[in-house]
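Chemist: Sequence:
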Amino acid sequence: MEETNDNLPTEEWNEIVTIASMIEREAANVEEMPRVSSVIYNRLAIKRKLQIDATVVYALGLNSKDVVTLDDLKVDSPYNTYVVPALPIGPIASPGAAAIKAALKPEVTEYTYYVLDPAAGQHFFTDDYDEFLRKKAEFAN
11 MEETNDNLPT EEWNEIVTIA SMIEREAANV EEMPRVSSVI YNRLAIKRKL
61 QIDATVVYAL GLNSKDVVTL DDLKVDSPYN TYVVPALPIG PIASPGAAAI
111 KAALKPEVTE YTYYVLDPAA GQHFFTDDYD EFLRKKAEFA N
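Reminder that position 113 of the sequence shown reads as 123 in our numbering, one-by-one numbering, no gaps.
To be clear, the hints were calculated from the coordinates, so they are not data collected in a lab. There's no promise every hint is true.
[Claimed, not checked] Straight-line alpha carbon distances no greater than 30 Å define the calculated DSBU-like cross-link-like pairs of lysine-lysine that follow:
(1) 145 to 59
(2) 57 to 146
(3) 115 to 145
(4) 75 to 145
(5) 146 to 59
(6) 75 to 115
(7) 57 to 75
(8) 115 to 57
(9) 84 to 145
(10) 57 to 84
(11) 115 to 146
(12) 57 to 111
(13) 84 to 146
(14) 146 to 111
(15) 111 to 59
(16) 75 to 146
(17) 59 to 115
(18) 84 to 59
(19) 111 to 75
(20) 145 to 57
(21) 75 to 59
(22) 111 to 145
With the hints as constraints, model all of the structure from the sequences given.
Modeler: So this is what it looks like as structure tokens:
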């Protein structure tokens, strides 16, 4: 059995579970989870909004949505990370063990952006905003 962090204060566990819930909803597969986690922590470290679509979908009261619109991004909710400049007020899903592990041990990267490549069924990660925009446009076609 793996070592756990049973000694974390309750507030830290709440943050971990909230982060893990976003990882659970965002990652395309288990292998991506530590990388998605790194993006979340990297964005928090530089005080940048997380801008996670899954939080918007949750704020809209939905389980999933194929396309999140610009109007969706404006929904007034403490869960909407396009509006809230920090973590949402709580979890957006029930995270599994892999997502919790990823939240506790993110991959060490400089990545601050990712976008889903639907053809590959996985995300493209980068720390360059222009590259992110190029890939986003490429994957939209």
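Chemist: Could you work out which earlier hints the structure fails to respect and list their numbers in ascending sequence?
Modeler: No numbers; nothing is violated.
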